[in-house]
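Participant: Chain by chain, the residues run as shown.
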Amino acid sequence: MQSFTAVLGDAVALILSGDASLMGIIALSLRVTVTAVLIACVIGLPLGAAVGAFRFPGRTLATVLLNSLMGLPPVVVGLVVYLALSASGPLGPLGLLYTPTAMVIAQTILVTPIVAALTRQVIEDLDREYAEQFRSLDVGPLARITALLWDARYSLLTVALAGFGRAIAEVGAVLIVGGNINHVTRVMTTTIALETSKGNLELALALGVVLLVIAILVNAAVMGLRASAARAAYA
Amino acid sequence: MREALARNEAEGPQRPDAAPVPALLEGQGLLLEIGGKRLIDGIDIRIDEGRRTMVMGANGAGKSLLLRLLHGLIAPTAGGIAWRGGPLDRTARRAQAMVFQRPVMLRRSVIANLAFALKVRGLRGAMRQARINEALEKARLTDLARSPARVLSGGEQQRLALARALACDPELLFLDEPTASLDPASTQAIETLIADASRRGVTVVMVTHDLGQARRLADDIVFLHAGRVAESGPAARVLSSPRSEAASAWLEGRLFLDEPRAQS
Ligand SMILES: Nc1ncnc2c1ncn2[C@@H]1O[C@H](COP(=O)(O)OP(=O)(O)OP(=O)(O)O)[C@@H](O)[C@H]1O
Ligand SMILES: [Mg+2]
Numbered sequence: 001m002q003s004f005t006a007v008l009g010d011a012v013a014l015i016l017s018g019d020a021s022l023m024g025i026i027a028l029s030l031r032v033t034v035t036a037v038l039i040a041c042v043i044g045l046p047l048g049a050a051v052g053a054f055r056f057p058g059r060t061l062a063t064v065l066l067n068s069l070m071g072l073p074p075v076v077v078g079l080v081v082y083l084a085l086s087a088s089g090p091l092g093p094l095g096l097l098y099t100p101t102a103m104v105i106a107q108t109i110l111v112t113p114i115v116a117a118l119t120r121q122v123i124e125d126l127d128r129e130y131a132e133q134f135r136s137l138d139v140g141p142l143a144r145i146t147a148l149l150w151d152a153r154y155s156l157l158t159v160a161l162a163g164f165g166r167a168i169a170e171v172g173a174v175l176i177v178g179g180n181i182n183h184v185t186r187v188m189t190t191t192i193a194l195e196t197s198k199g200n201l202e203l204a205l206a207l208g209v210v211l212l213v214i215a216i217l218v219n220a221a222v223m224g225l226r227a228s229a230a231r232a233a234y235a
Numbered sequence: 001m002r003e004a005l006a007r008n009e010a011e012g013p014q015r016p017d018a019a020p021v022p023a024l025l026e027g028q029g030l031l032l033e034i035g036g037k038r039l040i041d042g043i044d045i046r047i048d049e050g051r052r053t054m055v056m057g058a059n060g061a062g063k064s065l066l067l068r069l070l071h072g073l074i075a076p077t078a079g080g081i082a083w084r085g086g087p088l089d090r091t092a093r094r095a096q097a098m099v100f101q102r103p104v105m106l107r108r109s110v111i112a113n114l115a116f117a118l119k120v121r122g123l124r125g126a127m128r129q130a131r132i133n134e135a136l137e138k139a140r141l142t143d144l145a146r147s148p149a150r151v152l153s154g155g156e157q158q159r160l161a162l163a164r165a166l167a168c169d170p171e172l173l174f175l176d177e178p179t180a181s182l183d184p185a186s187t188q189a190i191e192t193l194i195a196d197a198s199r200r201g202v203t204v205v206m207v208t209h210d211l212g213q214a215r216r217l218a219d220d221i222v223f224l225h226a227g228r229v230a231e232s233g234p235a236a237r238v239l240s241s242p243r244s245e246a247a248s249a250w251l252e253g254r255l256f257l258d259e260p261r262a263q264s
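Just so you know, the protein sequences line up as chains A and B, in that order. Using the working numbering, read the first sequence as starting at 1 and increasing by one per residue. Using the working numbering, read the second sequence as starting at 1 and increasing by one per residue.
Among the hints, a few may not be true.
[To be verified] List of simulated lysine to aspartate or glutamate pairs, DMTMM-like, C-alpha gap at most 20 Å:
id, chain 1, residue 1, chain 2, residue 2
1, B, K119, A, E132
2, B, K138, B, E171
3, B, K119, B, D169
4, B, K119, A, D127
5, A, K198, A, D10
6, B, K119, B, E134
7, B, K119, A, D138
8, B, K138, B, D89
9, B, K138, B, D169
[As the list claims (entries may be wrong)] Residues from chain B that keep clear of chain A, each with C-beta distances beyond 12 Å, as calculated:
id, residue
10, E33
11, I34
12, R38
13, D41
14, G42
15, P103
16, D183
17, P234
What the hints contain is simulated information worked out from the structure, not anything from laboratory work. Heads up, the beta-carbon is just placed ideally off N, CA and C, and yes, glycines get one too.
Chain A extracted, bound-state conformation (with noise of 0.2 Å):
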């Protein structure tokens, strides 16, 4: 077993080199990922929001199912996504299994209701305060909901980001919709897991140092922006 300090090392110099099958893994990872958030985002912030400003017959039970999928165990979501797009499934005509797309389709419904849920809270608090005022100007639906959004921006970039974190992190369910297929579905985190399994440490410890950084870096920049955001009041 080689020391820590010397796998470490070999990997910070596999990261310099530029590897082309390291950037191509860390390159898929990023284009998954943030495919998803986005798809996420467009769908979970109107939905989070619609739920936090208007009141409606169901909108506790809207809240407490939120709050729960957020929660979602990612191989179930897999197996369930895996079920849909297998030959045998519902969308198997489509030949999505083990394709970027299907990753996507998984941390998309993993990481919708976390936008969604943080969106819903977010959105609500600030209503609270903006209420009676946007009653005493008569501002209308879609007006109040695009309001709230706009002026909650530097809250919902942290839950962007929040959403970010947990699907550049996950494994479970790419893995099992992705199954790592070298060159086409691999990812940082289902490359991690595999290559300690075989023992190629250097690859592992690589990609996690660039996880790591990676996840530094996009907090970095929340934090910068919340901080000037503050500064202004806008946050």
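Since chain A is already given, all that's left is putting chain B with the ligands on it; use the hints.
Facilitator: Positioned in the frame of chain A, the structure of chain B with the ligands alone reads:
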């Protein structure tokens, strides 16, 4: 304004046959219960066009709740509110504006706060810009136009809230303690804005704890005590010779406590 004059003539004894003019805003038998507590306990109030009505009374008397009811922000448990003799619907609320006790500032710049309200009113382009500039100037906020509204001082926020309300060109303006905790200069600036609006024909309903302010601005006074109207009438009369124990105690700076609010 002209209607108000016409009404005064119509009320004269020489014209007993004239039809009564409906009040601009009238609340009858207003009752508000929350959590089994009767917070507004049978209030009748009439606001005539062009008048400046000051709502006064101790903390917790129900002044803010009465304004919310009259503006249609909350529904009374019982009783009715009429706007020009008709229902208090969305159109009616659009003819009114309110400045809250704690001004609500959108997380946007000063200018964007004004623009938002005007956009809701359907103003676009150059018209809107002109109205914004006029509002900024009147509230003396031109230099702060690009600042985030929430970093403004308390007095500046109050001025912005009033400017935003006035920019919507309301027929009736509700003001809930618009000068509380302001320095004398800011207070005067706000009072000037209110007086100007009133001169242009805007009807004003305003809560104040400031006796001097009531003397300067009020035509009529409605004095609340424990969710009821303890006394109401022309300002000069109420302030000089109050008839109710609650109002005279308040004016003399005595604490007047009687039985707590009725439980329902
Ligand atoms: N949503 C509510 N639920 C329960 N009680 C309320 C609610 N809103 C107001 N109250 C109570 O109703 C009473 C009147 O409140 P209101 O805000 O109208 O007082 P106010 O006359 O404006 O007082 P202040 O001078 O302090 O502003 C208070 O005792 C308050 O605690
Ligand atoms: Mg009050």
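Participant: Against each hint, give a clear statement of whether it holds in the structure.
Facilitator: Verification of the hints:
no. : hint               : verdict
1   : B:K119 with A:E132 : holds, 17 Å
2   : B:K138 with B:E171 : holds, 18 Å
3   : B:K119 with B:D169 : holds, 13 Å
4   : B:K119 with A:D127 : holds, 19 Å
5   : A:K198 with A:D10  : holds, 17 Å
6   : B:K119 with B:E134 : holds, 16 Å
7   : B:K119 with A:D138 : holds, 11 Å
8   : B:K138 with B:D89  : violated, 30 Å
9   : B:K138 with B:D169 : holds, 14 Å
10  : E33                : holds, 20 Å
11  : I34                : holds, 15 Å
12  : R38                : holds, 22 Å
13  : D41                : holds, 23 Å
14  : G42                : holds, 24 Å
15  : P103               : violated, 9 Å
16  : D183               : holds, 22 Å
17  : P234               : holds, 29 Å
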